[in-house]
Amino acid sequence: MRATPGQTVGPFFHYGLPYDGDRDLVPPGSVGAVRFGGRVLDGTGAGLQDALVEIWQARPDGTVPREPGSLRRDGWTFTGFGRASTGRDGRYAFSTLEPGPTEPGGAAFFAVTVFARGLMDRLFTRAYLPDDAAALAADPLLSSLPEERRSTLVARRDARGLTFDIRLQGADETVFLDLSGYRRP
Amino acid sequence: MNSTPVPAPDLEPQEAISARIAAIEAAHRADGEGRPQPALDYPPYRSSALRHPTKDLHHTDPETIEREAPCFGDRDVDPLEADLTIGGAGEPIGERMIIAGRVTDAEGRPVRRQLVEVWQANAGGRYVHKRDRHPAPLDPNFTGAGRCLTDDDGYYRFQTIKPGPYPWRNHHNAWRPAHIHFSLFGTEFAQRLVTQMYFPGDPLFALDPILRSITDPADRELLVASYDHDLTTHEWATGYRWDIVLGGSRGTLMENEGDEA
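One line per chain: the protein sequences are A and B, in this order.
Here our numbering is used: the first residue of the first sequence is 1, the next is one more, and so on.
Here our numbering is used: the first residue of the second sequence is 186, the next is one more, and so on.
Please keep in mind that the hints were generated in silico from the structure rather than gathered at the bench.
Check before you lean on any hint, since a few could be wrong.
[Said to hold, decoys possible] Some but not every residue of chain B turned toward chain A, in silico, with C-beta under 7 Å:
#	residue
1	Leu196
2	Ser233
3	Leu235
4	Leu242
5	Thr245
6	Glu253
7	Ile278
8	Ile283
9	Leu334
10	Ser398
11	Trp421
12	Ala422
13	Thr423
14	Val430
[Unchecked claim] Listed next, the stretches of chain A that the computed footprint assigns to chain B, with coverage defined by at least 3 CB atoms under 8 Å from CB atoms of chain B:
#	segment
15	6-12
16	25-38
17	88-97
18	112-119
19	122-133
20	150-156
21	159-165
Every value quoted in this text rests on a predicted model; they were computed, and no experiment measured them.
Heads up, the beta-carbon is just placed ideally off N, CA and C, and yes, glycines get one too.
So that you can see chain A by itself, here it is in the shape it has in the complex:
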């Protein structure tokens, strides 16, 4: 069967997609909570005020959450899914736990989806945690990229948490992913 095509999220998603608590996978300031955020930028380096970022991630121990509750969070269940619209300066931020690697010895990352007015279809990317140099060096995706593009997929650790800027276009354009075509086990 032919897949239903995507279309831009458009400019008016703000009353349809955001919801209370969408960006707080864990309550900000709770034990283990980290800020994961950054800016979504266009080809001139300007922030997009009408973008939406979603994350989907493992727990810190690398297991995959299979519990509902992302839309009406109870404050105790970690569902692994979050959604954050950007502010006027293009910034987004989540309060979450740091994911662990889902593959033995693998590199840990957030799976990221980006939507925006003017973006014809959603884009997928990954935001890797920067700490495990050996795992990053061995990562199949990162090692398949030219050196200068790898860093676009690695979050920076700073005093506020993890920063991951998403550049839709330009010299430091983020690597966006085609995840189709794997052999289903």
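Let chain A serve as the given structure and place chain B on it in line with the hints.
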């Protein structure tokens, strides 16, 4: 009083946009076939100019987390959220309608108990959004956002009001065909779909750079619902049917190719 907005002088005429739409589609056809997914670099939609990646998407095998998807359940969605007509004190204005259909993967397997979100303009073509400046009336009884979970066979169903077409500032005299925005999750991360559903026979189809960014006409057709008299209810609402196929990994396609090799 005439409140028709005066066009900004820098907006291109529809003829120029239509010519570009036709040229891109002809080039894709000469190239073999149209594209089943929207072209990311699509100049007829002005705002895409600085917002499309210039490099090709990079193929990678999904890892464990990407072969799964977030779960949603009864605690996430109230069944009343599937009825967009009951948010106000009175009945919203416009044509009451049912939109329903089935969500499957590319092999036709139902996507069960998964989240469907919708948002749309009201019957006058106006969104409840501070950035919508179209001088059409807001409807105090219609917000235009809804959610539901698919059932055990992958079916979803909403009751709503048929949205109106509305003008936008992409070019001079630009009008979007009436549509409902849909957001869907599948059983794996890469099946995430945000799209727009259109109504059959809309005269604005040919003129719209968002729909036409899908350059294969057969694929565009997949975004058009069909009128379904079995969904229409006696003295109450008209019915439209729209089925959705979440492509995602196309894993089985590769598997079949492997089997044949």
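Against chain A, with CB atoms and a cut of 7 Å, does the hint on Leu242 (chain B) hold up? holds, 4 Å
Proposed interface contact between Thr423 (chain B) and chain A, which counts if any beta carbon pair is under 7 Å: violated, 22 Å
Are there at least three residues in the segment 159-165 of chain A whose beta carbon sits under 8 Å from a beta carbon of chain B? Result for this restraint: violated, n = 0.
Under 8 Å between beta-carbons, do enough residues of the segment 88-97 of chain A, three at least, approach chain B for the coverage claim to hold? With 0 residues close enough to chain B, the hint is violated.
Within 8 Å of chain B's CB atoms, at least three CB atoms from the segment 6-12 of chain A: coverage verdict: holds (count 7)
Should the hint that Leu334 (chain B) touches chain A count as held when the rule is a Cβ pair under 7 Å? Interface hint status for Leu334 (chain B): violated (9 Å vs cutoff 7 Å).
Verify the interface restraint on Glu253 (chain B): the C-beta must sit less than 7 Å from at least one C-beta of chain A. The hint holds - Glu253 (chain B) has a Cβ within 7 Å of chain A, the shortest such distance being about 5 Å.
Chain A contact restraint for Val430 (chain B) - C-beta distance below 7 Å: holds, 5 Å
Take the segment 122-133 of chain A, compare each residue's beta carbon with every beta carbon of chain B, and decide whether three or more fall closer than 8 Å. With 3 residues in contact (Cβ-Cβ under 8 Å with chain B), the coverage given for the segment 122-133 of chain A holds.
Please check whether Trp421 (chain B) passes as an interface residue: C-beta within 7 Å of a C-beta belonging to chain A. violated, 25 Å
With a cut-off of 7 Å on the beta carbons, see whether Ser233 (chain B) makes it to chain A. This hint holds: Ser233 (chain B) lies near chain A, its Cβ roughly 5 Å from the closest one there, short of 7 Å.
Can the hint on Ala422 (chain B) be confirmed by a CB-to-CB distance to chain A that is less than 7 Å? Given a least distance of 21 Å, the restraint on Ala422 (chain B) is violated.
The structure does not agree with the numbered hints 1, 7, 8, 9, 11, 12, 13, 16, 17, 20 and 21 stated previously, though it agrees with the rest.
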